[in-house]
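Okay, here's what each chain looks like letter by letter:
Number of protein chains: 2
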Amino acid sequence: MKKLINDPQSVVAESVEGFGLAHADVVQVHTDPLFVSRAGGAVSGKVGLVSGGGSGHEPLHAGFVGDGMLDAAVPGAMFTSPTPDQIAPAFAAADGGAGVLAIVKNYTGDVLNFETAAELADADDLTVRTVVVNDDVAVEDSLYTAGRRGVAGTVAVEKIAGAAAARGDDLEAVVAVAEKVVANVRSMGVALTACTVPHAGKPSFDLPEDEIEIGIGIHGEPGRRRIKAAPADEITEMLLTPVADDLGLASGEQVLLFVNGMGGTPQSELYVVYRQARRLLEGRGVQVTRSLVGNYVTSLEMQGASVTVLRLDDELAALWDAPVRTAALHW
Amino acid sequence: MKKLINDPQSVVAESVEGFGLAHADVVQVHTDPLFVSRAGGAVSGKVGLVSGGGSGHEPLHAGFVGDGMLDAAVPGAMFTSPTPDQIAPAFAAADGGAGVLAIVKNYTGDVLNFETAAELADADDLTVRTVVVNDDVAVEDSLYTAGRRGVAGTVAVEKIAGAAAARGDDLEAVVAVAEKVVANVRSMGVALTACTVPHAGKPSFDLPEDEIEIGIGIHGEPGRRRIKAAPADEITEMLLTPVADDLGLASGEQVLLFVNGMGGTPQSELYVVYRQARRLLEGRGVQVTRSLVGNYVTSLEMQGASVTVLRLDDELAALWDAPVRTAALHW
Numbered sequence: 484m485k486k487l488i489n490d491p492q493s494v495v496a497e498s499v500e501g502f503g504l505a506h507a508d509v510v511q512v513h514t515d516p517l518f519v520s521r522a523g524g525a526v527s528g529k530v531g532l533v534s535g536g537g538s539g540h541e542p543l544h545a546g547f548v549g550d551g552m553l554d555a556a557v558p559g560a561m562f563t564s565p566t567p568d569q570i571a572p573a574f575a576a577a578d579g580g581a582g583v584l585a586i587v588k589n590y591t592g593d594v595l596n597f598e599t600a601a602e603l604a605d606a607d608d609l610t611v612r613t614v615v616v617n618d619d620v621a622v623e624d625s626l627y628t629a630g631r632r633g634v635a636g637t638v639a640v641e642k643i644a645g646a647a648a649a650r651g652d653d654l655e656a657v658v659a660v661a662e663k664v665v666a667n668v669r670s671m672g673v674a675l676t677a678c679t680v681p682h683a684g685k686p687s688f689d690l691p692e693d694e695i696e697i698g699i700g701i702h703g704e705p706g707r708r709r710i711k712a713a714p715a716d717e718i719t720e721m722l723l724t725p726v727a728d729d730l731g732l733a734s735g736e737q738v739l740l741f742v743n744g745m746g747g748t749p750q751s752e753l754y755v756v757y758r759q760a761r762r763l764l765e766g767r768g769v770q771v772t773r774s775l776v777g778n779y780v781t782s783l784e785m786q787g788a789s790v791t792v793l794r795l796d797d798e799l800a801a802l803w804d805a806p807v808r809t810a811a812l813h814w
Numbered sequence: 484m485k486k487l488i489n490d491p492q493s494v495v496a497e498s499v500e501g502f503g504l505a506h507a508d509v510v511q512v513h514t515d516p517l518f519v520s521r522a523g524g525a526v527s528g529k530v531g532l533v534s535g536g537g538s539g540h541e542p543l544h545a546g547f548v549g550d551g552m553l554d555a556a557v558p559g560a561m562f563t564s565p566t567p568d569q570i571a572p573a574f575a576a577a578d579g580g581a582g583v584l585a586i587v588k589n590y591t592g593d594v595l596n597f598e599t600a601a602e603l604a605d606a607d608d609l610t611v612r613t614v615v616v617n618d619d620v621a622v623e624d625s626l627y628t629a630g631r632r633g634v635a636g637t638v639a640v641e642k643i644a645g646a647a648a649a650r651g652d653d654l655e656a657v658v659a660v661a662e663k664v665v666a667n668v669r670s671m672g673v674a675l676t677a678c679t680v681p682h683a684g685k686p687s688f689d690l691p692e693d694e695i696e697i698g699i700g701i702h703g704e705p706g707r708r709r710i711k712a713a714p715a716d717e718i719t720e721m722l723l724t725p726v727a728d729d730l731g732l733a734s735g736e737q738v739l740l741f742v743n744g745m746g747g748t749p750q751s752e753l754y755v756v757y758r759q760a761r762r763l764l765e766g767r768g769v770q771v772t773r774s775l776v777g778n779y780v781t782s783l784e785m786q787g788a789s790v791t792v793l794r795l796d797d798e799l800a801a802l803w804d805a806p807v808r809t810a811a812l813h814w
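For the record, the sequence lines run as chains B and W.
Here the first sequence is numbered in my numbering, starting from 484 and rising by one per residue.
Here the second sequence is numbered in my numbering, starting from 484 and rising by one per residue.
Since the hints were made in silico from the structure, they are not lab data.
Quantities reported herein were computed from a predicted structural model and do not represent experimental measurements.
Hints should not be assumed to be uniformly reliable.
The list makes no distinction among identical chains, and a pair is therefore deemed to hold if it is satisfied within one copy or across any two copies.
Unchecked claim - Computed list of lysine-lysine pairs in DSBU-like fashion (alpha-carbon distance at most 35 angstroms, straight line):
{"#": "1", "residue 1": "K485", "residue 2": "K685"}
{"#": "2", "residue 1": "K663", "residue 2": "K685"}
{"#": "3", "residue 1": "K485", "residue 2": "K663"}
{"#": "4", "residue 1": "K711", "residue 2": "K485"}
Sequences and hints are given; from them, build the entire structure.
So, in structure tokens, the structure goes:
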């Protein structure tokens, strides 16, 4: 294992420290317990947004803390849920007096620990509502999850709910917008290679030199099937078709198309995938009116990509377009 | 070799096509010959900025086309200089009547082909001035270069010269700003793994499982030395020290610190490197007042990073801060 780290035990703390130094205009880092919040503190009267999860998926989630998106993010150990005693102070830091929305990817540990933290917050008279993201159509139930997993679609939930909170929606309304995104976003991914979690020291699974895994999870959990390596256009069709079918996309609809890199994929390859996913959508009569391409929900240095489609209406498109100022998304 | 491509011969064209579709609000793609220009066309009365080079380093250069940065970019084949007949029409597309600045990384093929294209432009009464970027302190002369190589510092040259052109500087003044950046920016990189150029089909060099290459070039050209894998803080010091020494940084000076990923490095590791580079600079009494961390000048899926330091004065800091709206940099 070759990595630019000092020690598997300190990599998360050191990385988050570096992140805080590089983006001090946008975030502040709290070390005991570890979480990240907006540089300016909670916004009075605004619904606070908090997310979090295992580290190793950067820029998710700390990269999305800032104006128009999250108020706080809680990084767990590598591929490990953050603990309730990390999450509860993040809720408090995000509290501007209008309640807090927790955006949680559907992994059993995350759901459980955010729920426990919400109970702790409730005991302090802070109302926390939770929306669980489960956009991965690859498998029902998996290694760490009951029901579908939450993957790259989380970026859309955080961006759009963040914009709703920023425009002044109350907690119920922000929850409703977040649930609307969850209901209309689907994803599926492929791995060409495994990744190595630092404290494990060896690849998280074995993938032969001539095989790829369709439907991979962001921790390398098994997907739908292994196949021989194939041309990008064929792989893209294997990802896009179940996504579009699950959404029941009809001709004339408008969507956001998001091609996400798993961390170790050259950007040139992501655009090859984007090109084909777009052609397939247009072939169904679906209009791609918003796009995102890049490494946003990663699995360390895994090579691979995922395709996410979000069905848009005018409200979701406007909230997607609304200004955002975070380390990883900025417009 | 497992890659998300269809065919090594078509990957650049397909990728640039996808890039153009995803970012149609910012760029337009020309296919015969292949180059990328601003969506709105040349800006009348503004100095045009053009860069280019081999593909495989994305988002460099097409990702930097847009308001406040480049007017056109010319992608060659993978790790191969673009040809003069690609570059000359890009010059013409960038021409707003105030002349064109070509920003060229110091590789023999790039320098030669941009020079030939400038002669073609001159025959059409278009004045092209060229600034060569040579920020890599690792080696004097290398596999493809006489003199120092041009690497990640190119981003700073393109951003800052782009801002100078956007504020209305004339050609001589934009050239002077670009040369000032070149004179004050230095970089050095490390590779943990090699990358595989699609048409080659095998890694561009061999690096044993327990060794890393200090001073690597962005095409995998040999660096200063191979060493056993070491902690990130030690590696970072091996990169930062020659950079800071070559710049002759003195206590009290202000800098931009840019940690660039080579394409396959987890973001968490880049921030570990940033943290240590910043500590080392601060230990010298140098103030880091601007930061950039991410994959901006890559080598396909290579794992590794480079450290770039730009000495700032008020003018360069203001030009760095000026608005930019491109696919890869946006503020």
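Each hint, compared with the structure:
Taking CA atoms no more than 35 angstroms apart as the test, K485 paired with K685 passes in both settings, with 10 angstroms inside one copy and 20 angstroms between copies. For a Cα distance limit of 35 angstroms, the shortest separation of K663 from K685 qualifies neither inside one copy, at 39 angstroms, nor across copies, at 46 angstroms. In this homomeric assembly, K485 and K663 never come within 35 angstroms of each other (Cα to Cα): the closest approach is 42 angstroms inside a single copy and 37 angstroms across copies. In this assembly of identical chains, the alpha carbons of K711 and K485 lie at most 35 angstroms apart whether taken from the same copy (27 angstroms) or from different copies (10 angstroms).
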